[in-house]
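A.B. asks: This is what each chain is made of:
2 protein chains.
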Amino acid sequence: MLQKTPKTTPSRYANQRMHYDEAIVFPILDEALFCTISYSVDNQPFSIPTAFVRKENKLYIHGSVGSHFLRQIESGIPVCISVMLTDALVVAKSAFHHSVNYRSVVIFSNAQRIDDYEAKASFFKELTEKIVPNSWEYLRPMKSKEVDKTMLLVFDISEASAKTREGMPSDDEEDQSLPIWSGLIPIPSKRLTPIPDELSVNIPLPSHLSN
Amino acid sequence: MLQKTPKTTPSRYANQRMHYDEAIVFPILDEALFCTISYSVDNQPFSIPTAFVRKENKLYIHGSVGSHFLRQIESGIPVCISVMLTDALVVAKSAFHHSVNYRSVVIFSNAQRIDDYEAKASFFKELTEKIVPNSWEYLRPMKSKEVDKTMLLVFDISEASAKTREGMPSDDEEDQSLPIWSGLIPIPSKRLTPIPDELSVNIPLPSHLSN
Numbered sequence: 438m439l440q441k442t443p444k445t446t447p448s449r450y451a452n453q454r455m456h457y458d459e460a461i462v463f464p465i466l467d468e469a470l471f472c473t474i475s476y477s478v479d480n481q482p483f484s485i486p487t488a489f490v491r492k493e494n495k496l497y498i499h500g501s502v503g504s505h506f507l508r509q510i511e512s513g514i515p516v517c518i519s520v521m522l523t524d525a526l527v528v529a530k531s532a533f534h535h536s537v538n539y540r541s542v543v544i545f546s547n548a549q550r551i552d553d554y555e556a557k558a559s560f561f562k563e564l565t566e567k568i569v570p571n572s573w574e575y576l577r578p579m580k581s582k583e584v585d586k587t588m589l590l591v592f593d594i595s596e597a598s599a600k601t602r603e604g605m606p607s608d609d610e611e612d613q614s615l616p617i618w619s620g621l622i623p624i625p626s627k628r629l630t631p632i633p634d635e636l637s638v639n640i641p642l643p644s645h646l647s648n
Numbered sequence: 438m439l440q441k442t443p444k445t446t447p448s449r450y451a452n453q454r455m456h457y458d459e460a461i462v463f464p465i466l467d468e469a470l471f472c473t474i475s476y477s478v479d480n481q482p483f484s485i486p487t488a489f490v491r492k493e494n495k496l497y498i499h500g501s502v503g504s505h506f507l508r509q510i511e512s513g514i515p516v517c518i519s520v521m522l523t524d525a526l527v528v529a530k531s532a533f534h535h536s537v538n539y540r541s542v543v544i545f546s547n548a549q550r551i552d553d554y555e556a557k558a559s560f561f562k563e564l565t566e567k568i569v570p571n572s573w574e575y576l577r578p579m580k581s582k583e584v585d586k587t588m589l590l591v592f593d594i595s596e597a598s599a600k601t602r603e604g605m606p607s608d609d610e611e612d613q614s615l616p617i618w619s620g621l622i623p624i625p626s627k628r629l630t631p632i633p634d635e636l637s638v639n640i641p642l643p644s645h646l647s648n
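Residue numbers (the numbering used here), protein chains in the order written: chain A, 438 to 648; chain B, 438 to 648.
Each hint can be trusted.
If several chains are the same, the list does not tell them apart, and a pair holds so long as it fits within one copy or across any two.
As a list, the in silico SDA-like pairs of lysine to any residue whose alpha-carbon atoms are at most 25 Å apart:
id, residue 1, residue 2
1, K582, Y450
2, K562, P623
3, K586, I617
4, K567, E555
FYI, nobody ran anything at the bench for these hints, they're computed from the structure. Only a predicted model underlies this, so the values are computations on that prediction, with no experimental measurement involved.
Next comes chain A alone, as it looks inside the complex:
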């Protein structure tokens, strides 16, 4: 179970929509490709979207060693990491009850920098396999100077929670017999057919990309 603290307890829907169970939180993190990381300098918040990998109870991000953003947060200042998957628009009979079906996670944590070469190289493989499954062995192998140019940061996933909405609209009782259509419009993120660049027009699409 994750830590339920004042920071991870919302003011509304605290019972129906909140989850502190890794079995709910981790699959959301594994399905989402991007998170938004927020940090604050003199109470001025900054937010950056970035790709990430979850492994056990840790979340990993990377970037250039020259990145201002990474240099700010590697000192271990408090960060808030948020992730949202949007599943459907919830179309009610009244505008007021329109909503969204979503699965979101918020993590409060602090960065730690990882300098170990093998850990960095292994992160690259895990990130690549998360974004394009089964592609790692097919690609040109990583070079050590590429690993060296990259900063890897890790965050504990401990003070964290998920918030989700699922199911149909909740219209007011007196509206339920109105002849107004209500239901869901699914809005999944879909992967479409790959488009080759000009160097690849004569290269067969590998099987890991054709499924």
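The hints should help you fit chain B onto chain A, whose structure is shown.
C.D. replies: Chain B in isolation, oriented as in the chain A frame:
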């Protein structure tokens, strides 16, 4: 032109990928349904995803008058609003040059609360029409108590910028002749066929939802 300030000038790709022109920033805001709003209390950042509407150079969000989040930011403390549309996974011949085609916006601003009834009612119409175009007139009309229960906040869009990546992978010159497929995997968010709830199985799908 939007304000280019130290906060809206990144450490990397400051020339190629940054945009301060409303003609680039506003369409991204109009296409995105959700933003992430970050604020900070005693240097502890918090982030909340929420729906929004842009109108001229203002961004509007709403929520329950009981929302802890809205009550925190309505005082006018600094917020950072971020939006990201992900268009494609950029698959290079090496893992190192994998990337993402995206269109993102960051806005630094402060909330102002709007209590005017007509302004709040008109926001509801604009938000509903943004999320489900041409649906407002079809729905059960808004009730005044619904407007009263809702808090509306507005932010100036002035210190703001867009960051985008588009186009094909940028592989190293020595990799360009490798027989490894490279290109794009488009990952648009698609609206699928609406699914009626049990109150609506015998109600015809209105034309604004069937396109």
